[in-house]
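Trainee: Quick mapping for you: the protein sequence lines, in order, are chains A and B. Take 1 as the starting number for the first sequence in this note's numbering and just add one per residue. Take 1 as the starting number for the second sequence in this note's numbering and just add one per residue.
One or more of the hints may lead you astray.
Below, computed lysine to aspartate or glutamate pairings styled on DMTMM-like, alpha-carbon distance capped at 25 Å [claimed, not checked]:
| hint | chain 1 | residue 1 | chain 2 | residue 2 |
| --- | --- | --- | --- | --- |
| 1 | A | Lys114 | B | Glu148 |
| 2 | B | Lys120 | B | Asp171 |
| 3 | A | Lys123 | A | Glu177 |
| 4 | B | Lys179 | B | Glu229 |
| 5 | B | Lys179 | A | Glu109 |
| 6 | A | Lys114 | A | Asp80 |
| 7 | A | Lys114 | B | Glu352 |
| 8 | B | Lys179 | B | Glu142 |
| 9 | B | Lys120 | B | Asp41 |
| 10 | B | Lys2 | B | Glu35 |
| 11 | A | Lys150 | B | Asp131 |
| 12 | A | Lys6 | B | Glu109 |
| 13 | B | Lys179 | A | Glu117 |
| 14 | B | Lys307 | B | Asp422 |
| 15 | A | Lys6 | B | Glu324 |
| 16 | A | Lys114 | B | Glu109 |
| 17 | A | Lys18 | B | Asp282 |
| 18 | A | Lys6 | B | Glu327 |
| 19 | A | Lys150 | B | Glu109 |
| 20 | B | Lys120 | B | Glu35 |
| 21 | B | Lys120 | B | Glu37 |
| 22 | B | Lys341 | B | Asp171 |
| 23 | B | Lys458 | B | Glu229 |
| 24 | B | Lys54 | B | Asp379 |
| 25 | A | Lys114 | B | Glu177 |
| 26 | B | Lys312 | B | Glu229 |
| 27 | B | Lys179 | A | Glu110 |
| 28 | B | Lys7 | B | Asp41 |
| 29 | B | Lys312 | B | Glu327 |
| 30 | B | Lys341 | B | Asp379 |
| 31 | B | Lys458 | B | Glu61 |
| 32 | B | Lys120 | B | Glu109 |
Chain A residues, not near chain B, derived (Cβ > 12 Å throughout) [as the list claims (entries may be wrong)]:
| hint | residue |
| --- | --- |
| 33 | Glu19 |
| 34 | Thr72 |
| 35 | Gly85 |
| 36 | Ala120 |
| 37 | Pro122 |
| 38 | Lys123 |
| 39 | Ala143 |
| 40 | Asp149 |
FYI, nobody ran anything at the bench for these hints, they're computed from the structure. The beta-carbon is built from N, C-alpha and C at its ideal position, and this holds for glycine as well.
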Amino acid sequence: MIAVLKRLWNHGIATIPKEELLQLGDGVHGESSEVRSIEQRLPLVIKKVFGRSLHIRQVDSGSCNGCEFEITALMNPVYDIQRFGIDFVASPRHADMLLVTGGVTRNLEEALQKTYEAMASPKMLVAVGACACGEGILGPTYANLGGVDKIFPVSVYVPGCPPRPQAILEGILRAIERAHEVK
Amino acid sequence: MKTTVVKSSRHELANVCLNVLHQQGRFITMVASDEVERGLDRFVVRYLFAIEGKTEIVLVESVIPQDDPTYASVSSWLPSASWAEREAFDLFGLRALGHPDLRSLVLHEHWPEGVYPLRKGYAVTQTQPRDVSRAWTYPMVEGEGVFEVPVGPIHAGVIEPGHFRFQVMGDSVLHAEAKLFYTHRGIEKRSEGMGMTQGLQLAERICGVCSVSHALSYAQAIESIAHTEVPRRAKFLRVLLAEMERLYNHVGDIGNMCAGIGFAYGINHGARLKEQLMQMQDRIVGHRFLRGSIALGGVASDISGEKFTIIKTTMQQVQVQLTEIVEQILSHDIVIHRFSKTGILSEGVARELSVVGPSARASHCDIDVRRDLPYAAYDELSFAVPTLEEGDVLARFKQRYLEAQQSFQLIEQVMKRIPQGDICVPIGELPPYSYGIGITESARGENVHFVMIGEGHKIDRYRVRSASYANWPAVPFTIPGNIIPDFPLINKSFELCYACCDR
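Full structure from sequences and hints, please.
Mentor: Listed below in structure tokens is the structure:
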């Protein structure tokens, strides 16, 4: 036990301070002067609208697994978005937001439909990655619709193949800001 | 890599394959194609075998006419070919006579019968109405006290979709069935008509986390058609990129396997180290998943000097910490209790089903295409291929750690011994209707790409057999006898990708 604690002490803290979280990764924002730290935005958005916690259900509608890895990365000790009250839940009935990756395959359309219907309103949907946004290299095929907005309204599109974790977080924040006009 | 082609009539196909198998052949995959545009009548099936102890691939090839699209199946005695033959029936309408189980595989039951999207003349964007009359059928165990537990396709976590049915007696699983191909996107059809470079971009996106391996398999297939010799420096850099990819996958999986038992220490440290490796990759090639790093005829950008220093420092840190973490994880009684003797993949099943990669090596199958069919600069570098005997979750955990150690020392060797020179050469002439095969070892096993060129340097047929495609059929065999809560753990211990299996 002492050995474990000693090692933990030596490794230090891996988590990025919240002031710096959204500033990582060049080119995520476009206009960097407008960037407000997550510290400034979270009280306005999550705390006010959702009583301090935002629950997200993620659905893979036919992605290559890259976007899933980046979404999972948001929960690793480096980004650790759970400290802001954002968490991923198992049931769509518990979710405030749906994060969809992939361009909706024919084989998954029904499952996505059921997930969407099970969510409580307002059904905020964030399309993550080029496939979900509809501009991926794959596009529509006999087995793939080619974009989530072909069947559901999308609040925010997060481009990238796959988008960086910071960009996904930015997309999540923008979706709630937009939906509730808290700016 | 030498390629020998054996032509056979479609009725003799099974016998010829049996002969190859008796000459120490290991089945890799079967590729079906529609070659009507080059004047053939009309379909071709090609069975690929690797010959043990030789750097040789044997292709058994047979033409199948349009008016009677049938051929002799090999699946009853070569079960690893079963999926490929089912897929050829789904996508091309080629009926394997004597196949024990020709149910739909890639196209689910809602796809109308008698419509074959990979035939030439079927437009890539042409969709079909949903057929609601057919339902999924599968073998199941019935009886008093037997219950069925359905899981998926959408799971509780942030993971890929697949559907499982468990027949259970109490907590113990009697029988497990997997229904996959939910993420079938039609990548192979989409690639037809694409140029060579666009094909490379598509290849990188078959699987999110094996981008380098898939891109390399594709590039090697094209280079073998064009007889292009990749510069030596590029070969070393390809090894560097491939090992960086293996490493971040193995490190992530070591942590992820702890998620199967809710062991937070392992999950978080694994995730932290993986993030460190991915941030390093971002600094080295500009992409966290190393996309865009492989080019046709070499690599896209040079890595040297300062970047080597970054790699060296990161590797030293990660190697020390990984060893510490693995020691900590394995010193925990509960971990050992849950990992050991769970989800055993016997050597017999692994060989019968042609399982590949770390899962095969943890079940005492000594195969690794980096050594057996060497590519890039692997024949100039020294590395060991560790194998274990137990075949349980614990063995697959240790296997990843042992392989990560080899990756650390391979990366070090590359940085020490890399020669100066060009990093990319233009690829040569690509004669129409010639084909090439590219095989590379990813973190999950060998990724096999078959590319046939059509007119005007465009792809005519592209078939991808990923490591996950080879390994998935073996997973349901490892579940019976275990309890249901062990399924996520067993599944994670194989760490198979759905996306590159389904395509």
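Trainee: Mind checking the alpha carbons of Lys307/B and Asp422/B for me, to see if they're no more than 25 Å apart?
Mentor: holds, 18 Å
Trainee: Given the hint that Lys179/B pairs with Glu142/B, does the C-alpha gap stay at or below 25 Å?
Mentor: Given pair Lys179/B, Glu142/B holds - Cα atoms ~19 Å apart, limit 25 Å.
Trainee: Tell me if the straight-line CA distance from Lys312/B to Glu229/B falls inside 25 Å.
Mentor: It is violated: about 29 Å lies between the C-alpha atoms, which goes past 25 Å.
Trainee: Is Lys458/B close enough to Glu61/B, meaning Cα to Cα at most 25 Å?
Mentor: holds, 23 Å
Trainee: Hey, is Asp149/A genuinely clear of chain B, shortest beta carbon separation above 12 Å?
Mentor: Holds, since 17 Å exceeds 12 Å.
Trainee: Straight-line Cα separation of Lys120/B and Glu109/B no greater than 25 Å?
Mentor: holds, 22 Å
Trainee: Against chain B, does Glu19/A hold up as non-interface, every C-beta pair farther apart than 12 Å?
Mentor: At roughly 19 Å from the nearest Cβ of chain B, Glu19/A sits farther out than 12 Å, so the non-interface label holds.
Trainee: Please verify that the nearest CB of chain B lies beyond 12 Å from Gly85/A's CB.
Mentor: Correct as stated: the minimum Cβ-Cβ distance to chain B is 18 Å, above 12 Å.
Trainee: Given the hint that Lys114/A pairs with Glu148/B, does the C-alpha gap stay at or below 25 Å?
Mentor: Between Lys114/A and Glu148/B the Cα gap is close to 22 Å, so the pair holds against 25 Å.
Trainee: For a C-alpha distance cap of 25 Å, please report whether Lys120/B and Asp171/B respect it.
Mentor: violated, 49 Å
Trainee: Is Lys458/B close enough to Glu229/B, meaning Cα to Cα at most 25 Å?
Mentor: The given pair, whose Cα atoms are some 21 Å apart, holds under the 25 Å limit.
Trainee: Check whether the Cα positions of Lys312/B and Glu327/B lie no farther apart than 25 Å.
Mentor: Given that 25 Å is the threshold and the Cα spacing comes to 23 Å, the pair holds.
Violated hints for the displayed structure, listed by number in ascending order: 2, 4, 6, 7, 12, 26, 30, 34 and 39.
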